[in-house]
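Chain residues, written in single-letter form:
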Amino acid sequence: MNTIPTELKYTKTHEWVRDNGDGSVTIGITDHAQEALGDIVFVETPEIGRLVNADEAAAVVESVKAASDIYAPLAGEVIESNQQLADTPDAINSSPYEAGWIFRLKLNDVNTLADLLDATAYEQVVADDS
Amino acid sequence: MGLRTPLFSEHQRLGARIVPFGGWEMPLHYGSQLEEHHVVRRAAGMFDVSHMRAIDIDGADACAFLRYLLANDVARLTAPGKALYSCLLNEHGGVIDDLIVYSRGINRYRLVVNAGTANTDMEWLQTHSNGFIVNLQFRADLAMIAVQGPEARAKTAPLLPVNLRDSALQMQPFFAVEDEAQDWFVGRTGYTGEDGFEILLPQAQAIDLWQKLLAAGVRPCGLGARDTLRLEAGMNLYGHEMNEMVGPLDAGLGWTIAWEPIERNFIGRAAITARRNDSDCRQLVGLLLTGAGIIRDHQSVLHDGIIVGEITSGGFSPTLERSIALARVKPELSDTCAVEIRGKAISARIIKPPFVRNGKSCIDL
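Chains C and A are the protein sequences, given in the same order. So in our numbering, the last spot in the first sequence is 130, and the numbers never skip. So in our numbering, the last spot in the second sequence is 365, and the numbers never skip.
With the rest of the complex left out, here is chain C (with noise of 0.2 Å):
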């Protein structure tokens, strides 16, 4: 079984995010999503300051079996993207929700948080996937 933290907001895409509390977001894939993309091998993470919208795809993952794009959930600026993740990219699979974090975004409106799943919601979506 997957893990869901409930502490965080999810998508439908599979990417989880985390209120810095500061105005900031930070951003990865879930357990689930990692889990079936299989062993990942390479993370494009997008530039410092590169504005992105809701829905924009904003960094891409390549596991050994595909290249999947990874969606900006909210519209914000870029302020960190993870580099660790270019000598081990499989941080994503061994800790999808801390050492393998992507991306972190600072939101135009930190109202826009409330637009996300929560853990319950999350979890339906997974069931229905599968």
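No lab work stands behind these hints: they were computed from the structure. Keep in mind the model is a prediction, meaning the values are calculated, not measured. Misleading hints may appear alongside valid ones.
Unchecked claim - Derived SDA-like pairs (lysine to any residue); straight-line CA-CA distance at most 20 Å:
1. K344/A - F42/C
2. K344/A - T45/C
3. K344/A - I48/C
4. K106/C - A36/C
5. K330/A - L288/A
6. K352/A - A233/A
7. K82/A - N107/A
8. K344/A - A57/C
9. K352/A - S300/A
10. K155/A - F174/A
11. K344/A - A86/C
12. K344/A - D115/C
13. K12/C - A114/C
14. K360/A - A43/A
15. K155/A - L214/A
16. K155/A - F132/A
17. K344/A - D69/C
18. K344/A - K106/C
19. K344/A - A66/C
20. K352/A - T256/A
21. K360/A - I350/A
22. K344/A - K12/C
23. K106/C - D55/C
24. K155/A - D141/A
25. K12/C - A86/C
26. K155/A - M171/A
27. K352/A - D364/A
28. K344/A - A67/C
29. K352/A - L288/A
30. K155/A - G217/A
31. K344/A - V60/C
32. K82/A - G217/A
33. K344/A - S68/C
34. K212/A - R13/A
Mind docking chain A on chain C? Use the hints.
For chain A alone, kept in the frame of chain C given last:
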């Protein structure tokens, strides 16, 4: 729902991720494709390849029949048990399938063909058998397990029927030994670039052998690892490097065509003879990506910003920890090129495959 091999329940029990492949439900991996890849390079792994099919061909004209049907020449199989890799061509010189043909004595052969093409192959063989004294037998009653890796032969031999153990260990690469009465057939062949066996046996005995191999420390490996292993080994995959439209000369398989003796007529000969002098003919090369990213199938190969070819198989090499590919490109291309990945030209080096053989890199990174 796809077809299931006799080992399907084993794959489920071992937690495999099951995917459709060539009309079958097959294991992609049992947890980590990368670990499965490495175990084959370093120790021993096993693959359920029961979706591949054996076709037995016997009869007074069996040799003449296969000399007409195959681009390689079975007359070269002078020793019993010897194997030969060949393309089965259509009249236009396209590839219907690639296969291994084993000699089983005078006018007796066994073909092992791909899963997705097995029925087409059988129909093709039957259609062209008119006028030849041959008997074709589709061996859907057999299962097939490939055990591959530096420790594969030593771990497998004690599990074979007693009368095959010594002969299996003594045979040279690209040979097979068999016990016809028990219907066990052991080839020193494979699709990984490592030593090992491919074992055909009665379906009812497949689970028993699989479980004994597991107990002997041979790790189950899925189609995912099978693909990265064959890509590192520089081996073609039907439907990727060649198909009914792309013939052997455009797929780096010129070495598998027996042009001599010139009086041997085989299906597709005229078409590929013409292709030999066609300036449009492509070469198959290996690529090592020097920039960042992963090469994928069907991406464009660029030189000076112009498209000069296409990726036929691309991916990540677990052994080299770099992205590698096979590509069909213009004949004059050499040294370096670029691959178009998500709109960007990423530089690559042109390599003569294989990339990896017997656990070791064949190229300087």
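For each hint, the structure was consulted:
1. K344/A - F42/C: holds, 16 Å
2. K344/A - T45/C: Measuring from Cα to Cα gives roughly 15 Å; hence the hint holds.
3. K344/A - I48/C: Distance ~19 Å between K344/A and I48/C Cα, so the pair holds.
4. K106/C - A36/C: violated, 29 Å
5. K330/A - L288/A: Distance of about 17 Å is within 20 Å: holds.
6. K352/A - A233/A: holds, 11 Å
7. K82/A - N107/A: holds, 13 Å
8. K344/A - A57/C: holds, 16 Å
9. K352/A - S300/A: Distance of about 19 Å is within 20 Å: holds.
10. K155/A - F174/A: With a Cα-Cα distance of about 19 Å, the restraint between K155/A and F174/A holds, given a limit of 20 Å.
11. K344/A - A86/C: holds, 18 Å
12. K344/A - D115/C: violated, 34 Å
13. K12/C - A114/C: holds, 14 Å
14. K360/A - A43/A: holds, 13 Å
15. K155/A - L214/A: holds, 10 Å
16. K155/A - F132/A: violated, 42 Å
17. K344/A - D69/C: With Cα atoms ~16 Å apart, K344/A and D69/C stay inside 20 Å; holds.
18. K344/A - K106/C: Not OK: K344/A and K106/C at ~27 Å, beyond 20 Å, violated.
19. K344/A - A66/C: Cα-Cα ~18 Å, so holds.
20. K352/A - T256/A: Given pair K352/A, T256/A holds - Cα atoms ~17 Å apart, limit 20 Å.
21. K360/A - I350/A: Since the Cα atoms of K360/A and I350/A sit roughly 19 Å apart, the hinted pair holds (cutoff 20 Å).
22. K344/A - K12/C: Violated, at about 29 Å.
23. K106/C - D55/C: holds, 15 Å
24. K155/A - D141/A: It is violated: about 25 Å lies between the C-alpha atoms, which goes past 20 Å.
25. K12/C - A86/C: violated, 26 Å
26. K155/A - M171/A: holds, 16 Å
27. K352/A - D364/A: holds, 12 Å
28. K344/A - A67/C: Roughly 15 Å separates the two Cα atoms, so the pair holds.
29. K352/A - L288/A: holds, 10 Å
30. K155/A - G217/A: Roughly 8 Å separates the two Cα atoms, so the pair holds.
31. K344/A - V60/C: At roughly 14 Å apart (the allowed maximum being 20 Å), V60/C and K344/A satisfy the hint.
32. K82/A - G217/A: violated, 29 Å
33. K344/A - S68/C: Roughly 17 Å between the alpha carbons, so the hint for K344/A and S68/C holds.
34. K212/A - R13/A: holds, 15 Å
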